[in-house]
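Can you build the whole structure from these sequences, using the hints too?
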Amino acid sequence: MTDIKTIYKVLIVAAIALVAGTAIGFVTVNPVANLVTSGSNIKNGPWSTNLAFGSTGANPYVKAWIAENGLMAVSSSLSIYLAAYTDDNGQPLAGNCDYLIQGPAPRSGYWNITVYNENGFLIANDQNRYSFSSTDIQFEPDGSFKIYMSRTQKQGNWLPTGNAKTLNVYLRLHDSGTAYSTAAALKAAQLPNIVKEGCQ
Amino acid sequence: MKKWMPWIGWTLLATIVVAVIVNLIVAINIPTAIMQETINKKFNFPGNQWVFQPPITDQSTDVVRPAPDDIYSLCVYDVSRYPLRVTSMTSQYWTISAFAMNTDNFFNLSSSQAKTNPAEIVLVSKSMIYKDPTGKAQVVTAESDKGILMITMVIPNQDALPGILQIQKQTTAELVK
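First to last, the protein sequences are chains A and B.
Residue 1148 is where the first sequence starts when you use our numbering, and the numbers rise one by one after that.
Residue 48 is where the second sequence starts when you use our numbering, and the numbers rise one by one after that.
Rather than coming from a laboratory, the hints here were simulated on the basis of the structure.
Quick reminder that beta carbons are idealized off the backbone N, C-alpha and C, glycines included.
Treat the hints with care, as some may be off.
Stated by the list, open to error - Among chain B residues calculated to face chain A with C-beta under 7 Å, some are:
| # | residue |
| --- | --- |
| 1 | 57 |
| 2 | 61 |
| 3 | 77 |
| 4 | 105 |
| 5 | 116 |
| 6 | 150 |
| 7 | 153 |
| 8 | 155 |
| 9 | 159 |
| 10 | 160 |
| 11 | 203 |
Claimed, not checked - Once the Cα atoms are required to be at most 25 Å apart in a straight line, the calculated SDA-like pairs of lysine to any residue come out as:
| # | chain 1 | residue 1 | chain 2 | residue 2 |
| --- | --- | --- | --- | --- |
| 12 | B | 183 | B | 216 |
| 13 | A | 1190 | B | 111 |
| 14 | B | 216 | A | 1309 |
| 15 | B | 89 | A | 1166 |
| 16 | A | 1152 | A | 1166 |
| 17 | A | 1293 | A | 1309 |
| 18 | A | 1190 | A | 1334 |
| 19 | A | 1312 | A | 1230 |
| 20 | A | 1312 | B | 109 |
| 21 | A | 1156 | B | 69 |
| 22 | B | 50 | A | 1163 |
| 23 | B | 49 | A | 1158 |
| 24 | B | 49 | A | 1154 |
| 25 | A | 1156 | B | 111 |
| 26 | B | 216 | A | 1230 |
| 27 | B | 173 | A | 1204 |
| 28 | B | 50 | A | 1181 |
| 29 | B | 193 | A | 1191 |
Listed below in structure tokens is the structure:
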């Protein structure tokens, strides 16, 4: 009699564990992927990247995160994508605020800076201007650059932010040789600042 | 201690073990599932042929965070039966990348690395042994028999776009039978 009771108890434990465990396992995939990916990110000011993106050796959670957030990301041996979701002070980039992105030109054969809305898509604007690149930006006399990110028109390199609620900015570095090929090099690199100038 | 206390402990432990296993299995399968869905719904065009994507605009929502200065050509490859020969004229900044079904980016070549112009590669299945008779093509072993090839060409400025579009259309893909 005791044995049958024990078997029933084991079956109940197994059933609860299967149902609850499966549910918990499913709903926690994205939080775990976010945690694992952000934990292995390389940070420099507001910018972050992960040298494992696109890599065949990346762990399953990083691969899952990439599949959901940047499908077909290429390996860092070809290009490095740096993302910024905050300004230099760590405040989220808001669509109703003006920002100045400035710094020395990255040490890459080709680079560009693109702004996206809260869904990760380009922001509609009358100028059809979504980015500035090393081939079409107006540089300062000293070789540095300034980009104004704002809903209202600015002189110089203006990235319109339209009706976006929140913003995220990508800096893509191509053909960089060894300039940004390691975590140490990326952490030490002088990347552009993102400074809030005011909000509407 | 109550008699049922250990059973609560066993239930919690078993739940955690199942959750960890399910979590890992789902994470491992997410890339393949998303890739398959993308091919079925967004890149649902004939296999082993290049499809030349128009310039990116704010209406482009096939993939998140598209690069607006780039123009893309996509080819859903299937090398399960025959190798696939690809030729592409390179431009100022040009890359070709190959993605396996689990999204691994297993091959890249840029214009600064390409030894010939047009660049030539032959993509082969892991189960094939192939030697390029011309000796000009780079033979690449695909990580999975199906996947996606992507060529990216940078548009340095809008004046260069017509020339880039012309170069893009000279890209070819042909099964080596």
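Tested hints:
1. 57: Since the shortest Cβ distance to chain A is 5 Å, the answer is holds.
2. 61: This hint holds: residue 61 of chain B lies near chain A, its Cβ roughly 3 Å from the closest one there, short of 7 Å.
3. 77: holds, 4 Å
4. 105: With a closest approach of 4 Å, the residue 105 of chain B hint holds.
5. 116: holds, 5 Å
6. 150: holds, 5 Å
7. 153: holds, 6 Å
8. 155: holds, 4 Å
9. 159: holds, 6 Å
10. 160: Cβ of residue 160 of chain B sits 9 Å from chain A, so the hint is violated.
11. 203: Because about 4 Å separates residue 203 of chain B from the closest Cβ in chain A, which is inside the 7 Å limit, the hint holds.
12. B:183 <-> B:216: OK: residue 183 of chain B and residue 216 of chain B at ~21 Å, within 25 Å.
13. A:1190 <-> B:111: holds, 22 Å
14. B:216 <-> A:1309: violated, 34 Å
15. B:89 <-> A:1166: Between residue 89 of chain B and residue 1166 of chain A the Cα gap is close to 34 Å, so the pair fails against 25 Å, i.e. violated.
16. A:1152 <-> A:1166: holds, 21 Å
17. A:1293 <-> A:1309: holds, 19 Å
18. A:1190 <-> A:1334: Holds: residue 1190 of chain A and residue 1334 of chain A sit about 7 Å apart, inside 25 Å.
19. A:1312 <-> A:1230: holds, 17 Å
20. A:1312 <-> B:109: holds, 21 Å
21. A:1156 <-> B:69: holds, 23 Å
22. B:50 <-> A:1163: Cα-Cα ~19 Å, so holds.
23. B:49 <-> A:1158: holds, 20 Å
24. B:49 <-> A:1154: holds, 19 Å
25. A:1156 <-> B:111: Status violated; Cα separation ~49 Å.
26. B:216 <-> A:1230: The hint is violated at about 32 Å.
27. B:173 <-> A:1204: holds, 18 Å
28. B:50 <-> A:1181: Roughly 40 Å between the alpha carbons, so the hint for residue 50 of chain B and residue 1181 of chain A is violated.
29. B:193 <-> A:1191: Violated - the C-alpha atoms of residue 1191 of chain A and residue 193 of chain B are around 37 Å apart, more than 25 Å.
Violated hints, in rising order: 10, 14, 15, 25, 26, 28, 29; the structure is consistent with all others.
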